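Participant: In the order they appear, the protein sequences are chains A and B. Each residue of the first sequence is one higher than the last, beginning at 1 in the working numbering. Each residue of the second sequence is one higher than the last, beginning at 1 in the working numbering.
Among the hints, erroneous ones may be present.
Covered stretches of chain A, going by a simulated chain B footprint (3 or more residues, C-beta under 8 Å) [what the hints assert, rightly or not]:
{"no.": "1", "stretch": "45-54"}
{"no.": "2", "stretch": "61-73"}
{"no.": "3", "stretch": "85-93"}
{"no.": "4", "stretch": "98-111"}
List of simulated lysine-lysine pairs, DSSO-like, C-alpha gap at most 30 Å [stated by the list, open to error]:
{"no.": "5", "chain 1": "A", "residue 1": "LYS124", "chain 2": "B", "residue 2": "LYS5"}
{"no.": "6", "chain 1": "A", "residue 1": "LYS15", "chain 2": "B", "residue 2": "LYS167"}
{"no.": "7", "chain 1": "A", "residue 1": "LYS124", "chain 2": "A", "residue 2": "LYS147"}
I should point out that these hints are in silico values taken from the structure, not numbers from a laboratory. Keep in mind it's a predicted model, so treat the numbers as computed, not measured. For every residue, glycine included, the Cβ atom is placed at its ideal position computed from N, Cα and C.
The lines below spell out each chain.
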Amino acid sequence: MLRVERLSVQFAETKSPALRGVDLTLQNEKMVVVGANGSGKTTLLRAILGFVRAQSGRVSVFGEEVPSIRGMAGVTTNLPEVYRLISLPVRDLVALYARIKGAAETELLERLHEFELDETLGRKSYQLSTGQQKMLGNLFSVCFAPKLVLLDEPFDNVDFTRRRRFVRLLRELPAEILLNTHELDLLPQFIGWRLAFMFDGQLFGPFGVEDLDRLYLSRGRVPGAVSVLETSLGEFSITLDGGDRPIKSATSMSSLVEALA
Amino acid sequence: MNVLKWYAKAMLTNRSIWSWGVGFMLFWLVIGAFVESQGQDLSGSGTVVYTASWFVVIVLFSLSMFAVAVANSLTYGSAALSYSFRFSNLTPRSFFGSVVGGSALVGTVLSFVMLGSTVAVFGAKFDTRFTPANLPALVGTSVGAGVFYMACSMTLMLVVINYLGLKSASFAGFLPLLLSYTFGLGQIYVQLPAWLVYGSPYNDIASLLYQGFTGHPAAIQLAGSGAEVLAWPYLAAGLVVWTLLLSTSAAWLLGRVRVRQIEEGRQI
Numbered sequence: 001m002l003r004v005e006r007l008s009v010q011f012a013e014t015k016s017p018a019l020r021g022v023d024l025t026l027q028n029e030k031m032v033v034v035g036a037n038g039s040g041k042t043t044l045l046r047a048i049l050g051f052v053r054a055q056s057g058r059v060s061v062f063g064e065e066v067p068s069i070r071g072m073a074g075v076t077t078n079l080p081e082v083y084r085l086i087s088l089p090v091r092d093l094v095a096l097y098a099r100i101k102g103a104a105e106t107e108l109l110e111r112l113h114e115f116e117l118d119e120t121l122g123r124k125s126y127q128l129s130t131g132q133q134k135m136l137g138n139l140f141s142v143c144f145a146p147k148l149v150l151l152d153e154p155f156d157n158v159d160f161t162r163r164r165r166f167v168r169l170l171r172e173l174p175a176e177i178l179l180n181t182h183e184l185d186l187l188p189q190f191i192g193w194r195l196a197f198m199f200d201g202q203l204f205g206p207f208g209v210e211d212l213d214r215l216y217l218s219r220g221r222v223p224g225a226v227s228v229l230e231t232s233l234g235e236f237s238i239t240l241d242g243g244d245r246p247i248k249s250a251t252s253m254s255s256l257v258e259a260l261a
Numbered sequence: 001m002n003v004l005k006w007y008a009k010a011m012l013t014n015r016s017i018w019s020w021g022v023g024f025m026l027f028w029l030v031i032g033a034f035v036e037s038q039g040q041d042l043s044g045s046g047t048v049v050y051t052a053s054w055f056v057v058i059v060l061f062s063l064s065m066f067a068v069a070v071a072n073s074l075t076y077g078s079a080a081l082s083y084s085f086r087f088s089n090l091t092p093r094s095f096f097g098s099v100v101g102g103s104a105l106v107g108t109v110l111s112f113v114m115l116g117s118t119v120a121v122f123g124a125k126f127d128t129r130f131t132p133a134n135l136p137a138l139v140g141t142s143v144g145a146g147v148f149y150m151a152c153s154m155t156l157m158l159v160v161i162n163y164l165g166l167k168s169a170s171f172a173g174f175l176p177l178l179l180s181y182t183f184g185l186g187q188i189y190v191q192l193p194a195w196l197v198y199g200s201p202y203n204d205i206a207s208l209l210y211q212g213f214t215g216h217p218a219a220i221q222l223a224g225s226g227a228e229v230l231a232w233p234y235l236a237a238g239l240v241v242w243t244l245l246l247s248t249s250a251a252w253l254l255g256r257v258r259v260r261q262i263e264e265g266r267q268i
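Whenever a hint applies, use it, and build me the whole structure from the sequences.
Facilitator: Here it is in structure tokens:
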């Protein structure tokens, strides 16, 4: 179970906060967070992992506060930097991470074979293509019996066939999943999952992915809105079954906001 | 839970350690044997003293290149360390133990590669077969030296990662190298105060290796004559105290490792 409460993150070198009072609960479910580049999605994942210091708010995973967590092997991610403990070929990294996660390496080796990534085994990660590196992180995150999987843009630079296989794998995975993406058109593949939008460091939702057809964005504060976005371009309301523009018509929330502004 | 097997493998197959820590040192050994020896008075036991002095300095230089590699790997691994300590069964203590084991191994390997190289190169120059007097002492000192260099390097780099930011990483990474050159060459050519030689872990290592190689206590100034000789128990105690102090600091800092983006260290 993941619980994020009023989480705010401000980096010293930027004026506006990266995260502004984010609330999020994930309990025995899977969620897609959609947002443009720079909206705060990756910062949210990094904050959940304890990689960035929060100005306020708290994050707990399976009841434990993140900064003090030790030995919680069921939490995984595809962020590539977490698999750079030691500079080793992929085959040794598989054995190393299986060891420290307390799992057998056979499942990951089988997944690498299934995704036709056997050729990566003898190479170090920096010698792989961007797409191979992304898939490697994806597969590390879904093996070793995860309970909570944190995925950052898992489909970037991944070819169509592997995307399709990985989506199927995620749907069948018996774990809580928080998946970030900027691609709204991917959403129909995640029917049954929860959906939230990240915009300017704020999280809006949750909705259901199956409700996407019913979600609209309108300029201003509309009575009965399910969510109101306060942006530098003004206020915008997310409404159900009617409004200025259907959300699914846009490539991203930011383009929709800019179009309405 | 330890990762010694993988850490040792990564260290022993590290190209930087072999090219700079061994290859570049072979260059210096050739310079020492065939260039620097010209015009030196090497009568009597002079060749042994001269060869042993080069051996100890070269080991310091070689280990300092190892320290640079350890420091560099930490700057790339801060996120992996933080993640692994929170979300795997790896603990700071077990990781540190693995690094200590790997460093002891690498320290011994590098010291003995330098020993063999020194004996071969200087033996060829002086047409002499040098035989190390006390191999167990050399092994013991090499193990301690490997762990000391790792602990020193890790402490410095973790201070940078946790508190100063990666802009200072280059300086912190090279500091053990600079200190090795300063104290190593200093002991050969300068009459340093006795307290400084005993108190400096670099001179402790150099003097213990010297005694292991020649079978005689090292002098405060290796290239001088009639200088005061050093007592090995104090040298060993100095090295042990420094190693314990820095190991404790490194292990403490490791448990509080902060995640840094590697790009933060870019200077230009």
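Participant: Now tell me, hint by hint, if it's right for this structure.
Facilitator: Here is what the structure says about each hint:
1. Beta-carbon proximity to chain B at under 8 Å applies to 5 residues in the stretch 45-54 of chain A; the threshold of 3 is reached and the given coverage holds.
2. With 6 residues having a Cβ less than 8 Å from any Cβ of chain B, the stretch 61-73 of chain A passes the three-residue criterion, so the hint holds.
3. Proximity of the stretch 85-93 of chain A to chain B, defined as three or more residues with a beta carbon under 8 Å from a beta carbon of that chain, is established by the 5 residues found.
4. With a cut-off of 8 Å between beta carbons, the stretch 98-111 of chain A has 4 residues touching chain B; three or more are needed, and the interface restraint holds.
5. Between A/LYS124 and B/LYS5, the direct Cα distance comes to roughly 17 Å. Compliance with the 30 Å bound is thereby established for this hinted pair.
6. Under the criterion of a C-alpha separation no larger than 30 Å, the hint pairing A/LYS15 with B/LYS167 is consistent with the structure, at around 22 Å.
7. Restraint check: the Cα-Cα separation between A/LYS124 and A/LYS147 comes to about 28 Å, which is no more than 30 Å; the hinted pair holds.
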